[in-house]
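Undergrad: Chains A and B, in that order, give the protein sequences.
Residues 135 to 510 (the working numbering) make up the first sequence, in order.
Residues 135 to 510 (the working numbering) make up the second sequence, in order.
Note that these hints are calculated values from the structure, not bench results.
Keep in mind that a hint or two might mislead.
Pairs count within a copy or across copies, as identical chains cannot be separated in the list.
[As the list claims (entries may be wrong)] Derived DSSO-like pairs (lysine-lysine); straight-line CA-CA distance at most 30 angstroms:
#	residue 1	residue 2
1	Lys-308	Lys-289
2	Lys-438	Lys-158
3	Lys-438	Lys-196
4	Lys-268	Lys-485
5	Lys-268	Lys-288
6	Lys-168	Lys-468
There are 2 protein chains.
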Amino acid sequence: MATTSGQDIQSLEHILEKMDINNKEYVTKLLYGKNLEKLIIPADILENAEKIDIDLQGYIFKAKSESTRISNIVRVGAVQNQIVLPTTDSVADQILALHNRIKHIIEIAASCEVNILCLQETWTMPFAFCTREKIPWCEFAEHIPNGLTTQFLKKLAKLYKMVIISPILERDEKDVIWNTAVVIDQDGNVMGKCRKNHIPRVSDFNESTYYMEGNTGHPVFDTKYGKIGVNICYCRHHPLSWLIYGLEGAQIVFNPCATVDGLSETMWPIEARNAAIANSYFTVAINRVGTEVFPNEFTSGDGKPAHRELGHFYGSSYISGPDGSRTKGLSRSKDGLLIAEMDLNLCRQVKDAWGFLMTSRLDMYVKKLHELCQPV
Amino acid sequence: MATTSGQDIQSLEHILEKMDINNKEYVTKLLYGKNLEKLIIPADILENAEKIDIDLQGYIFKAKSESTRISNIVRVGAVQNQIVLPTTDSVADQILALHNRIKHIIEIAASCEVNILCLQETWTMPFAFCTREKIPWCEFAEHIPNGLTTQFLKKLAKLYKMVIISPILERDEKDVIWNTAVVIDQDGNVMGKCRKNHIPRVSDFNESTYYMEGNTGHPVFDTKYGKIGVNICYCRHHPLSWLIYGLEGAQIVFNPCATVDGLSETMWPIEARNAAIANSYFTVAINRVGTEVFPNEFTSGDGKPAHRELGHFYGSSYISGPDGSRTKGLSRSKDGLLIAEMDLNLCRQVKDAWGFLMTSRLDMYVKKLHELCQPV
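Turn these sequences into a full structure, and let the hints guide you.
TA: Set out below in structure tokens:
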């Protein structure tokens, strides 16, 4: 029997795929909502993906045809990846190595005609917040838009006519640090940014050591390809955060994360999928991959000895539709690019069918929440 | 290959149980959070359950021991059942037959030392709202507490020292009809009631034909065995509804439902479980079972011919813990009693570990929701 942590488990889907069962159709329906059609990816692209060792998967979310609206089809890409260099290398080298790795993955996304691509949380750095050391990790924080990473991605966005969402550690003009997603449009312009609103104080992570609660609200970006929001990592545990993006008109909400097994894996397949259902939009849940080793030992506040490894980031990125269906997950252990071709008309079709917003009685809740918010 | 609807599928768990897989431990962890210990049910009780043909399952949710609080252990029961008599029989006979059936199930729950028991939505009647006929279905609505059903359950509650939640169709003094859960305490007193706040207008069901949006808010009942709320059926699609129960201090929220396959089964395992995670409490999702045939044909607003059958209520009742773990589901096709022994201390322990409420920034959302509520 395999262990229940670490990298030896490829994915739930790998296991289920091998099962000798008569009722696969039913199992698929219950676990994934439906058996989504696979996106056909040309052989040469699959080869390229294999060359750079990424798990490349594609699925299609369809909507019914309508006579007053044309289909609103967009291809979305989600990237999960390991860090490239050891955490002991120089900060500049680590950033450049990740730029180089992501450049290759974005090239593949472009060849798959991806319109909107999202990278994982603080993708330019190891997830070093568990160390509680300021040096050198604060050095990874970059100015937006003047920092290296935003400049780097602006070029790729323009080159490939791709909207790119880039979640990084941000350092503003006053040296306040934020956990921020930058949205770059298909012409290489920065459309805006969204700062993480909810900060974990759980397990290895009190990330308020490094950055502050976001003050940019819940912006929805009306991109050429669709209306998108970005709900960063721990914000996925907050249904109100998902709700506001829905009320603001989002059709796709990206949820770039960094989370390890033993902590959150039980909740992972539930939360972003529930958000898609509750708010009648698509959600894209992205988690980093791999095990990161830090130069100095640190403790985890759990009574166990000091150590230099955080645990295994289990990947398993997936995309959910407003009808509750979802793609399979990417690998638990490999870098990956998950593509979904989605007809955004499905959002309104599900709203018309289920009427969650129409029946939400928001005014009742505003009143009640106001009462419950008073200090006691 | 089995069909994907109807009664031929016993449950997801039956299928997974039979799988020849090496990685069962991992599959269980991902699908159920952990492998919950089974509650040992004495052989004579299991025999009694078999005699009356119910699926009887029991699980244990444990918490860590603390030195300033003793364990707070409660046994909760969830009942799912088919109707007993044909829908063409007299209303009075149908009610009495269901009373008799439920009496037997409650006897078994009592022998398992269940402290709090919840029945399914409008348990005294077929789920006839799809017919849009007022006659005879409105006759099933009963006064609280003077109606037959509340009087019947008050006796059983007192006899077995059991808190009983009884979701019925309510007719008040002014002949306004509501979809209401009555909470009866262990001494047989009615503690109060909670009316369904959100009414579906989906598929076969515009239930506002029969009853109005609840006006009792989100009461939490401080029972002898724990603080409980009742979130009826379609309210499970509304994260704000779950949230208020959490803010009001609920430790267990019951979600009595009636929903059919082809409509909601994709969402069923997600929503109540997500609510348990997001609000750090236990949730008990209960769905009725069976296929109900009505005297007169009706249409479903889907372009298909008129028919007299609604579809299959797929049971699959389950209980989730605040840590994201869940029990297996009851049968898709049989009456059942699902028991969970839970240490309610787990709620606060998960709150301390994850801090979702502490990090919820409610005041920010009150302000935003207030803005978003303005008529446009």
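Undergrad: It remains to establish, for every hint, whether it holds in the given structure.
TA: Status of the hints after comparison with the structure:
1. Lys-308 / Lys-289: within (27 angstroms within a copy, 69 angstroms between copies)
2. Lys-438 / Lys-158: between (42 angstroms within a copy, 28 angstroms between copies)
3. Lys-438 / Lys-196: Classified as between; 22 angstroms across copies, 49 angstroms inside a copy.
4. Lys-268 / Lys-485: This pair counts as between: shortest inter-copy Cα distance 28 angstroms, intra-copy 46 angstroms.
5. Lys-268 / Lys-288: within (29 angstroms within a copy, 63 angstroms between copies)
6. Lys-168 / Lys-468: both (25 angstroms within a copy, 24 angstroms between copies)
Figure legend: structure checked against the earlier numbered hints; every hint is met.
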